[in-house]
Amino acid sequence: MSVTDKIIEIIAEQAVLETSDVTMESTLEDLGIDSLGLVESIFAIEEEFDITVPFNANEPTNSDFDISSVSKIIEDVERLLKEQAG
Amino acid sequence: MKRVVITGAGTINALGHNVADTMTAMAEGRCGIGPLAFRDVERLSIQIGGQVRGFEAEGRYNRQQMSLYDRFTQFTLAAAAEAIAQSGISFSGELASKSGVVLGTAGGGVSTWDDNYRSVYEDGKNRVHPFVVPKLMNNAAASHVSMEYNLKGPSFTVSTACASSNHAMAQAFQMVRTGMAPAMVTGGSESMLCFGGVKAWEGLRVMSKDACRPFSANRNGMVQGEGAGLFVFEEYEHARARGADILCEVAGFAMSSDATDIVMPSKNGAARAIAGALNDARLNPENIGYINAHGTGTAANDKTECAAVADVFGPHADKLMISSTKSMHGHLIGGTGAVELLACIMALRDGVIAPTIGYEEADPECALDVVPNEARNARVDVVLSNAFAFGGMNAVLALRKV
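Those sequence lines, one after another, are chains A and B.
Residue numbers for the first sequence follow numbering that gives the first Met the number 0, beginning at 0 and rising by one.
Residue numbers for the second sequence follow numbering that gives the first Met the number 0, beginning at 0 and rising by one.
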């Protein structure tokens, strides 16, 4: 399963939606994911890809991890996978 | 001062998943203690307990709830649902803004601590689930009850080891009695039956490997239990006005501290709590027909408790009945007083005195009527419930028939 498919699956599960309801443009807010859902999603991403996501819930916009849409999350996970490889 | 009555009760424990089943088991003198079943139990030297069986959280709670509810919270919510349904009370408007929930627990989310320590120490993981803290915190259960039932008044959790529930219920009682709250949800919950929880208790060398036999000369220690007991305490006129079924009245309470030793009980501290509860409820010793004992089955507690009862009641000590239902459901630690309050309600409402089971041999240091092995039919009008905690913190409640 590709990184994209896996992340969509994680987000869909958190939002209790079908994966087909999650588009690249969706924001977490659109999908009804609250702050607890967000940290749970990040935990699931870290577990799935064995990476550390630099995210601080106190200053989400200042974190080195863009959560503004599904596509941004995927981009950043791919970046982190490269950076943290090996 | 307002009168305070109990209008709802709920429980889950080793004897039953509701009040009716629990009281039936108590009346039959059934033992809920058996072999423990959980991971690594074979590494424990103590392998028995009053474990709740057949309680499936899956299906009862959704995925999001499961990630936030430790087992002690799951027990609490199950018992709260029963108590509040029986009471028929619905919290809205002014009633909701003044009513709260005060619960006891000694350990809170012990299995959440245990699972996550195992994960980071034993399995070497460097990441834990984001909800570990909101899941394990001692006030998690009270918080979820407040959210589920719209309780917006004073809510908190009391932690005084084995007296937690009695201290919590004493607080709730006081809040309703003084008019601060028209109703309070109260009681307690505990779930320490996991590897780390039992291992910690093992260290103290006070646990029995075979049975809990309170007051019996051959007693050899306590046996842990788990579960919850929840109640609706309500101002008497409020309960009457809405036609609620009143289970009994909470007549008074007292708290005391031994101020002596961190684990050894004191006769004086226990006696002051018992006498204080009588005084607070304006009762004479002769009024008391039954005492639900703390009765842990340890050498120290049972003889100290009996001596305290003899001191306070004088000649009447030989006439009253005193039993320990821990022999059946085990010691629920911070939840124990709440489950034991059910034996008090059964005595007042049904005239059935729960027995002390496992009683085999008379102990001259516990020479009271401990209702050995079989329940007894008797009319009692006023009862006490004792709780004496490690740390020397005692809380005794007095209940009366309405």
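Wrong hints could be hidden among the right ones.
Between beta-carbon pairs, the in silico distance windows are [unchecked claim]:
| hint | chain 1 | residue 1 | chain 2 | residue 2 | range |
| --- | --- | --- | --- | --- | --- |
| 1 | B | 65 | A | 80 | 25 to 33 Å |
| 2 | B | 149 | A | 78 | 27 to 35 Å |
| 3 | A | 34 | B | 123 | 12 to 20 Å |
| 4 | B | 147 | A | 65 | 43 to 51 Å |
| 5 | B | 46 | A | 67 | 18 to 26 Å |
| 6 | B | 236 | A | 15 | 42 to 50 Å |
| 7 | B | 56 | A | 50 | 27 to 35 Å |
| 8 | B | 119 | A | 84 | 58 to 66 Å |
| 9 | A | 3 | B | 65 | 39 to 47 Å |
| 10 | A | 17 | B | 59 | 18 to 26 Å |
| 11 | A | 74 | B | 93 | 20 to 28 Å |
| 12 | B | 40 | A | 61 | 42 to 50 Å |
In short, the hints are calculated from the structure, not lab data.
Every residue, glycine too, gets a C-beta built ideally from N, C-alpha and C.
Going through the hints against the structure:
{"no.": "1", "hint": "B:65 <-> A:80: 25 to 33 Å", "verdict": "holds, 30 Å"}
{"no.": "2", "hint": "B:149 <-> A:78: 27 to 35 Å", "verdict": "violated, 45 Å"}
{"no.": "3", "hint": "A:34 <-> B:123: 12 to 20 Å", "verdict": "violated, 29 Å"}
{"no.": "4", "hint": "B:147 <-> A:65: 43 to 51 Å", "verdict": "violated, 36 Å"}
{"no.": "5", "hint": "B:46 <-> A:67: 18 to 26 Å", "verdict": "violated, 54 Å"}
{"no.": "6", "hint": "B:236 <-> A:15: 42 to 50 Å", "verdict": "holds, 45 Å"}
{"no.": "7", "hint": "B:56 <-> A:50: 27 to 35 Å", "verdict": "holds, 31 Å"}
{"no.": "8", "hint": "B:119 <-> A:84: 58 to 66 Å", "verdict": "violated, 24 Å"}
{"no.": "9", "hint": "A:3 <-> B:65: 39 to 47 Å", "verdict": "violated, 28 Å"}
{"no.": "10", "hint": "A:17 <-> B:59: 18 to 26 Å", "verdict": "holds, 25 Å"}
{"no.": "11", "hint": "A:74 <-> B:93: 20 to 28 Å", "verdict": "violated, 52 Å"}
{"no.": "12", "hint": "B:40 <-> A:61: 42 to 50 Å", "verdict": "holds, 47 Å"}
Taken one by one, the earlier hints fail for this structure at numbers 2, 3, 4, 5, 8, 9 and 11, listed in ascending order.
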